[in-house]
Structure formats: structure tokens, C-alpha cells
Amino acid sequence: MLKGQNRFTLLFFIPLAIFLIDVSRVQAAGVSQEMFTVNNTWMLVATFLVFIMHLGFATLEAGLTRAKNTTNILFKNTAIVAIGLLTYALVGFGLMYPGDFNGFIGLAGVGISVPPGDAGLIGYADGAYTYYTDFIFQAMFAATAATIVSGAVAERVKLGSFLIFSTIYVAFVYPIVGSWKWGGGWLDKMGFYDFAGSTLVHSVGGWAALAGVLILGPRFGKYVNGKIKPILGHNLPLATIGVFLLWLGWFGFNGGSVLSADPGLVSLVFVTTTLAAAAGVIAAMLTSWMVQKKPDLTMILNGSLAGLVGITASADSVSVTSSIIIGAVAGVMVVYSVMFFDKIKIDDPVGALSVHLVCGIWGTLAVGIFSTNPEHSLVVQLVGVLAYGVFCFPAAYGLFFMIKKTIGIRVSEEEERRGLDFSEHGMDAYSGFQITDL
Amino acid sequence: MLKGQNRFTLLFFIPLAIFLIDVSRVQAAGVSQEMFTVNNTWMLVATFLVFIMHLGFATLEAGLTRAKNTTNILFKNTAIVAIGLLTYALVGFGLMYPGDFNGFIGLAGVGISVPPGDAGLIGYADGAYTYYTDFIFQAMFAATAATIVSGAVAERVKLGSFLIFSTIYVAFVYPIVGSWKWGGGWLDKMGFYDFAGSTLVHSVGGWAALAGVLILGPRFGKYVNGKIKPILGHNLPLATIGVFLLWLGWFGFNGGSVLSADPGLVSLVFVTTTLAAAAGVIAAMLTSWMVQKKPDLTMILNGSLAGLVGITASADSVSVTSSIIIGAVAGVMVVYSVMFFDKIKIDDPVGALSVHLVCGIWGTLAVGIFSTNPEHSLVVQLVGVLAYGVFCFPAAYGLFFMIKKTIGIRVSEEEERRGLDFSEHGMDAYSGFQITDL
Amino acid sequence: MLKGQNRFTLLFFIPLAIFLIDVSRVQAAGVSQEMFTVNNTWMLVATFLVFIMHLGFATLEAGLTRAKNTTNILFKNTAIVAIGLLTYALVGFGLMYPGDFNGFIGLAGVGISVPPGDAGLIGYADGAYTYYTDFIFQAMFAATAATIVSGAVAERVKLGSFLIFSTIYVAFVYPIVGSWKWGGGWLDKMGFYDFAGSTLVHSVGGWAALAGVLILGPRFGKYVNGKIKPILGHNLPLATIGVFLLWLGWFGFNGGSVLSADPGLVSLVFVTTTLAAAAGVIAAMLTSWMVQKKPDLTMILNGSLAGLVGITASADSVSVTSSIIIGAVAGVMVVYSVMFFDKIKIDDPVGALSVHLVCGIWGTLAVGIFSTNPEHSLVVQLVGVLAYGVFCFPAAYGLFFMIKKTIGIRVSEEEERRGLDFSEHGMDAYSGFQITDL
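In order, the protein sequences belong to chains A, B and C.
Just so we're on the same page, the working numbering is the position in the first sequence counted from 1, plus 101.
Just so we're on the same page, the working numbering is the position in the second sequence counted from 1, plus 101.
Just so we're on the same page, the working numbering is the position in the third sequence counted from 1, plus 101.
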């Protein structure tokens, strides 16, 4: 499309002459330009795969809730991606990797910019990808953590309050606790291991979801006279689309966390990730069939996510057999966990606590049990799990609490009954369809 | 995300030291580490593309059937992916490639594992990808074959019976007949050619679909007093999503079947695959417009799939012009085939027989007609087509028959009328919507 | 899948021996076979990403219109992809790149074919990809331009008339004006810059959309007694799926327009593209919240597309900060533009004019304002914008006018009221659902 000469002319005028610096830095790192290019290309493929997880979250959450709250859910999930990306550019990236970008907190001005003298290629990646690739891959992860909260607080949270919470949580809490491990902080130094984020992404989102649910309370009509009244999802094809897109995205979430296109490691991660998800489906199917007497679609959907969250901490460091066990245990766990939260009247419309928090913890501990790397230790993994809980839950609780006391956190009963689509947006999601629960 | 030193520390502790062995084997194969990495990366991209086809099948099948059976269809299609992947790890992969993994049938213990002394890089691929990549790419194919059956038997098959059938078919029949060609078996030695599976995947699924449909019989209300009563799909956007996702996935299905990132071959395959699908759409549009007097969306959707199945056997070995002809013929064929099966009262809710069996046969024969490789022969292609029919149809028929005689194969009339969502799962797919045919 | 020996045997019999010529041409271009392969692989990944945009357009358009026109919209969007691809093979590719393929207009016979002596690798790409890759990537773009028109004329245009218009427009107008810049024509020589097609794709589609809307007039019931009556979209999840898929596809649309896998440039383009979209979402959210008093989901969806169209002309040549500004301005603009067109009674059901034409112009001018390349000039950009308008709008208007005067352009009022699904196709999209506006 671009004529050759334009492309090269252009390059000379990009301030930092990205391309030329790439070459010299790559050579210094002892990696060929070809290897640098294929590594970087794989990381960008992983980036767009993680991006599509946001559509997965949006459709899963919308599908598992009621038709009258669909516009609101789609709005939240679209806005949160944009907020996550922009705040990560403004502050998150700088906060999360202080070791790599010394004194570079908050980044230069508005938006990210290439640190002087370091253009194109980042130092710690040994010729694997550019600074921009690093940013955009990590930014997609950041947006994910915020999205996890959305499902748990669905159908009753005020839109503005949720957006404020998410903005602060993703801008500050996510990168600060992320730096403990991925930024080379104290947990990394202790030997804590979390390959792609069972804890750093999923539990971090899960703890905030728990705080939100506790402060909000259950939806009207969910627990009546001590009885649990199931509130059914309005669109199971939408929910299924969501789960398959999440599974698809996980090939990038885990596969990209290898941080290069290393053939042995990336392909191992594809296999462990896939088989853990498959084992989660089958385990959840058998468990729900036995316990609930009916094969429950929403349980096998959550079973696959449970397996995926479960394998995320260890996808590169366990055997294939172990990955199947980890996924299967997660699949059993998610069914019982969903029933348990319902029993103690913690109302989580999409099962986000069970999938992301419970299985995130399980996956992190599984490193200590199944890893083939003798340096990984169950005790250290447990320390990590507790550390994240001890920081994230109070932080999220305090934040939600302050929002509740100032601008309020929950819509009125009347608004909730009519649906958030009408009360918050004045726009139903299914105009022209006869909906019975409006 | 991972700090550099951890990544390398880790590698030393993976039992078989995948990475190091990779390097030496790649060097022995005369391929640079860079070329190995780009080839492997492309194969993994192809793998996730084939994965997303399963969502395509799920949404297409759900969209073309009635709202009251949607949960059931989504359940089947989610479970079948998991079953296909796990059984392929347990037995399929070993059965399908006995030549390459001599005496290695059933694979070691639970789950796949790298054969001793052969870690990371598989022998026959000439430096193109790892053992794990080979497994996961092939496993995605296996799951596809099982899914094809699902659409034909929809809206009346018992869930448990279908799952048992699929498990056995994908675990044993698919890999055994697959080994005839792709495993280097007798048809391969005869010169039979099937690039990406018009026969090995689509017809294998199609023969089983035919057996299932014959044993089940038509849905209630489809053929009344000798008249055909069309049963309309409940959600054409869902069906359209399905077809586009299948088309998308086919870039990996065919593009990955090059088994390397070879620029000339992969790009040729992209062109032939795309234009065959486009020609299938246009041919089906014109045919259905003329024959049925109305332009029929479901026909052009099936037209694109017809073109895709048709080009699958020859995508790398025909000219661009030939690919358009092959796709156009398939597009005409699928319209008449759908009408033909309806006329002889074979009730196939989604047209799976026409797309996968009829066009799979056409595509396989088309190799003998259009291939630019003089070694390909129409007679040998016909032998292949017949061989697969003679084995797969009786195998599937016998299996379905045994299931029918033991646990039963079809839900009761009452259950069918109310819908499988309620009778099998106790959960409607569209809670809150007014559905008129419950 | 293919046995090694077959793959190599096959190659010897492909008439032009693509692979062998590849190698020698690549060596002549001074690029290693490895670099050629990774570049080509990235371009094919970009190709399938642009492909999935067509599903994005289909679902977005369907979601933002009424249930009774859904089958028709899905039909149009499926057919248009096929038409775009086939016409581009027959005439478009040859017309668009006359400079590169001298005397090669219309291409040899039916379908594209490799020009003699130039097999596999095209001349101007400096070892970046094959002839087939070039064709298929560009063909996906061509199909996009035609699809843009579809949304603006939805819910009232005759199917056959629309298909005839699209076929001619995509076969002749798109490639002819495309050659002005990307084919090395007069605007390219003047220094006009349009990286990935804010003008060449989006405005070209947008001008035709404007012509179509003016000739068709508004939908019945949209403007009654001087008042604007909003016609709500029937399926906002579908519209949201559409926007996310378009955003996903844009990673290939812009990322592939680098025309190689150059790590610095492709990753920069990923960052600018993503942040422009995110800024578009936030800007549209704040604007619509302030102006309309309610946070409007359809506005933030269009905001993301506005940001994406806006950054498309300059994604490789502006700073990250500039990309956020460009996207934010587009996000504000799209909200006011949608309201403006409504005010002057130009009825554009999906906001295609605002997104593709208005933001396409904005993006093209933004090159002149924000580019870091001093050779880019606002005046020249303005000349380019005007040149495309002066050619495309009259061409499209004349074409629509001739169609109106011959076979007619608009369905009857009765057909429109009942819905095009019934009147044009005899097939509703949501069989079994209670729809209230039929």
C-alpha cells in the first residue's frame, strides 16, 4: 500500500528512528533481526488475542444476566476497555515496571513514550520485542482485571460509580501489586511464581469483585424468605460466544506470556492451556450432572474458564498430565463454589468469584504442587496468595465503601426492577422483542 | 512478564530440556532456528483459528434450529470440543500416526508426552514445528469431525447417547481412517490425495451424520402427509456469525495444512480457499434465486461452506481459476443437495450432509480433475472416497444402532415437542423472551 | 498432515515453481528467506483479521436496525464480501496497481494469476510477501469499501439494486481512485499520504453512502411532521459484537498496512490504533453524556469506530500522544455529526456517514496536522480529500440514479413496513420470537 520509498523516507523522520536503533540493540542482545521480528510478531498476535477476551467478557456477562440490563453491561464492558488502556498508558505501565524504567513513574507527559536512548527494544526482553509491544500487551492485561469485577456487581451497580471504581483500581491497585512479581518486586525475589496471572490478574480482579458484592448486597428477588431463587441468564448463545472467545483469547494470554515465540515453550503452553480447559469442561459436566441431576450448560461454560484460570499460573512449568489434573480439579471446584456462594447468600450473577478468585487461588497453589521446577514452593505460593488478598480486598473494599458513602453505589429498587437499560441509559437492548420480565 | 532469568532457569528444569534439544534437531534438519520458529508460530496461529471453528459450528447449528433446543445444542458443541481434545490426547494421536511413532499406540499413560529422545521437534516435519504443536493442531481437527455429526442429529437426539457416540467415533474411527492417508497408510501409498481433509475430516463426519439421521428419523412435524414443512432457524444472525467464524477458521484449517509457513504455498492456499468460498456464495445465491424464486440467506451461508469444504482437498494444488470453479460447482451442488435430501425425507436440520458429505466427496474428486500435479488421479481419488464410505458409514451405523438398542437414541415425542432445553437441561436459552413455539 | 516427500514432489509440478523462484528473488532483494517468511506470515495474519471485519460490519448493521430487516442485512453483507473478492480478482487488482503490473489490466483470463517471470514474490515489496499475499490482503480491503455503503442504505434499498451498485462500485471506482495513491498515481506523486485508508477506503465508501442516502430518502416514520423519531436498533449485543470485531480487524487493517512485520512500525501502529479507539470511546461517552444527558451505548460504539477511522491515515506517522488526540477529536465529532445529519433529515440508520466519511476526512487532514514527517502537508491532504469527493460522490450518485431510473432503488412502502426479510427473502430472522413491530 505504501510505496517502498515512502516507507523508508518516513522512517528517517520518526524522532527516535525506531528501526535503526532496533537493529543495533538487537545485535547487542545477540539475537538476529529475523528472530527479533518473529518474536515481536508473535507478541502482537498474542496482544490481539487478549483484546478479544474483552468481547468475551462482555458477551458472557450479558448472556448470563437479564435482558433488561444488557445495554448497561455492554456499556460497562466497552468503557472499561478504553479506561483500562488509557490509564495504563498514563500511569499503570510506569507503576508496574519501576525496576525496568527507573525513575520513570507516570511516564512522560500524556501517553506512553519511548524512554530516551531505549527506543524500540526494551532491555529485559533479550531481543524479544519492542517497547511498544511490551506496553500494548501489558495494557490489554490491565483492562482484563477491571472487567472481572464487572460481572459480579452486574444488574444493580450504578454506572458512574462502577466506572470511577474501575478507573482507580486499574490505574493504581493493579499495577502496584503487579510490580511485586512481574515488576521484579519482593514476591519475585522470594521465588513466587505466577506465569500469566492466576493471581496477578484473576485473583486481583476476584478480590475486588468480592468486595463489591459484599458492599452491594444481592439483587432483589434472589434470596426470598431464606430461599435461593435462580435468576436465569437471558441469552445462552451470547454466553457461549463469550466463553469460546475467552478460551481463544487465552491462547494469547498464556501463549504470549512466554514473552517470545520460543517453539518448545509456546507449544507446550498451548497444550497445557487447552487440555486444562477441556478437563474443566468434562469435570464440571460430570459434577453438575451428578449433583444437580441435570447437565447444566452454564456450569460447563464456567468449567472451561475454571480450567483456564487454574492453569494460568503454571502453564509453562507443568507436564501435560498435570495440566489435565489442574483443569479437572478447577472444574469440580467451580461447581461447588458457585453453590457455596449462593448458599451463604453472596450473589454473584456470573460466577466471577468462583472462576477468577477461587480458581485463581487454586491455580497459584497448583504451581507449588505440580511444577517441574524444584525452585517453586507451595509455601511461597501461599504467601503470594495471601499477600494479594491482604492488599487487594481491603483496598477494593475501602474504595467501594467511599464511593457508597459519597455518590452512592447501587441504583434504587425501582430502577433495578425496571432494569438498568431503561433507568441508566434510556435504551433497551432488544427493541421490538417481547420481553416478559420488564 | 516473566523476568528473563526465570525463563531460562525454568528451562533447565523441564525434564526433557525441550528447547536445547530443539536447537540440535533443527540444525540436523538443515533449517535455521529462525525458520523453525516462524514455521512453528504459524502452525500455532493456524491452531487457534481451527479452534474458533468450534464456536462457528455451535452458533451455526443453534441459529438454524429452533429456540427451544438451543441450550442443548450449545451444550453438545461445548462438550464435544472437550471430548475431542482429551480423547485425541489419550488415544487418537497415537492411533493416527503409527508410522511416525512406531509402537507408540495409546501414548504414555494419561495425556500425551514427548516420546523419549524426540522431544520438541518431530521427525517428519523437517524442522517445521514441535511435537506439541503437531499434537494440538491435529487435536483441533479431530474435534471438528465429531462436531459435524451434531448438526444433522439436532433437535431429537438424546444428549447422553450423542456424547457416547461422539466419544467413541472421535477416539477410534477418526484416527484409524485418518492414518490411511495422513499416517502414511495404504491410501497414502496408493497416491490418494486429500490436502486438508475434504474426506478425512468432512466426509468422515458426514458419513456418521448420515448414519445418525437414518437411525433417528425426521423431526416431528417435518414431513406431514407426504408434504415437507420447513422448520425455520430461530436466529439467523447467530447462523451468520457461525459461517463467518468457520470461514475465518478455514484460513488455519487449510493454511495450517501446508505444515509450514512456506510463503508461496500458504498464500496460494489463502487465495484458493477464499475464492472458492466466495464462488460458493455467488453460485448458491444465483441457484437458489432461480430455483426457489427468493434469495435465501441460509443457502448462501451453506454455499460458502460448500465452497470451503470443496476446496479443502486441493487448496494447495490447483490454479486460482480452478479454485473458483470448484467453489462454484459446490455452491450449485449444495442447493440441489439440500432439496434432494428433503425430497427423500432425510431430515438434516442444518444441511450438514449436503455441506460436509456431498461437497467433501466433490472436493476429493476435484483433486483428480483440477490438480496441477500429474500424479493425482481421479480413479485413486474415487477409491479413497469409497474406502472411507465403506468403513465409516457401517461403523457409525453399527455404533448408533447399538446405542439405540441399549440406552436409546431419541428423546420422547413429548420431550421433543417441548424442546430439549427443558427436557434434557431444565434451562431455556432465552429466559425472559416470549417464544411462540414452546 | 502432508508427508514431506509429497509436499516437495508437488512443488515441482506447480507450473511456475513458486517456491524456487521465491528464493532467488528474495536473495536478489537482499532479504533472507527467514525474514521473507515472517513478513509474509504477518501479512496473512493481517489478511484474516481484515476478513473478520466483514462479520463486524454485518453484525453492527444488523444490531442497529430493526428485527424485520435482519435477514436482508445479513444477506447483503455476506454477498458483498463474495462480490468484492471475486471482482477484485477479475478486474480490481489489475486496475489498482497499473504501475506495478504494466499492461496487466484486468489480469489474465478468469481469476488472478501470477504474472510470468514474477511468480511468488512481487517486485515493489522488497522481499516482504508474495504476489498471492498482496492480492488477498488488498482484496479484503476492497470488499470493505463496498460494505460501508450497506449500513447507510439499510432497511429500504432493494436487494438486487444494491448488489448491482456494489458490484460496479467495488469493481471499478474503488480500484481506479485507489490507484491515485496506492497505485503510485498523481496524488502519490504530489505527496498525499493515507497510511491505511481513512480516505482510500473509508471516505470512498462514505461518499457512496451519502449518494445512496440522498437518492433513497429517509425511512418511513423517521421524520414525521418535522420531528425526528428515533428508530432503535433491535439487538445491541449484536452491535457490540460488531464493533469489537471491527476493532480486532483493525489490528490487521492498520498493522498489515506496514506491509511487513517490521517490529518498530507494526508495534507503534498497534499502540496508536488502540489508543485512538480508546480515546474515541471516552470522548464519545463524555460528549453524549453531556449533550444527551444519558450515556448512550450506540454513541460509544461509534466513538471507537470514529477513533479507528480517524487514526487510519496516520497510524504509522504520529506520536502516541497525537494518536490519543486524533481519536478523542473523532469521538467528539461523531456524536455531533450523528445529531447533525439527523437534524438535516439525512437518515443514516447506523451512522456510517459520521463514522466513515466525516472521520475519514478528519483522519486524512490529521496527517497534515500531527505527522512527524515534515513532508506531509495539510494543503496536500486537503487536495486529496477533495479529489476523492469530487470523483466518488458524482460517480456513486450517477450510478444510483441510473439504477433508480431503470430497475428502481427502493422497496415499496408496504414492503418496507412489513420488513425486507419477508418481502425480499420470505424468511424472518427470528422465527419463533414474538416481534412487536412487524
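Please note that a few of the clues may not be correct.
In this list, chains with the same sequence are indistinguishable; a pair is considered to hold if it fits within one copy or across any two.
Using 20 Å as the maximum straight-line C-alpha spacing, the simulated SDA-like pairs for lysine to any residue come out as follows [said to hold, decoys possible]:
| # | residue 1 | residue 2 |
| --- | --- | --- |
| 1 | Lys506 | Met391 |
| 2 | Lys323 | Gly527 |
| 3 | Lys505 | Ile269 |
| 4 | Lys446 | Thr537 |
| 5 | Lys394 | Ser524 |
| 6 | Lys395 | Gly509 |
| 7 | Lys395 | Val484 |
| 8 | Lys395 | Arg518 |
| 9 | Lys444 | Leu479 |
| 10 | Lys444 | Asp538 |
Hints in this document: simulated from the structure, not taken from any laboratory.
Hints and how they fare:
1. Lys506 / Met391: Neither: 45 Å inside a copy, 24 Å across copies.
2. Lys323 / Gly527: The answer is between: 19 Å across copies meets 20 Å, while 25 Å in one copy does not.
3. Lys505 / Ile269: within (15 Å within a copy, 56 Å between copies)
4. Lys446 / Thr537: neither (26 Å within a copy, 35 Å between copies)
5. Lys394 / Ser524: Answer is between: at 12 Å across copies they meet the 20 Å cutoff, but 38 Å inside does not.
6. Lys395 / Gly509: Between copies, since 18 Å is at most 20 Å while 40 Å is not.
7. Lys395 / Val484: Classified as neither: same-chain Cα gap 39 Å, cross-chain 45 Å, threshold 20 Å.
8. Lys395 / Arg518: For Lys395 and Arg518, only the inter-copy Cα distance (19 Å) is at most 20 Å; the intra-copy one is 30 Å.
9. Lys444 / Leu479: neither (30 Å within a copy, 65 Å between copies)
10. Lys444 / Asp538: neither (25 Å within a copy, 35 Å between copies)
In this structure, the hints that do not hold are numbers 1, 4, 7, 9 and 10, in rising order.
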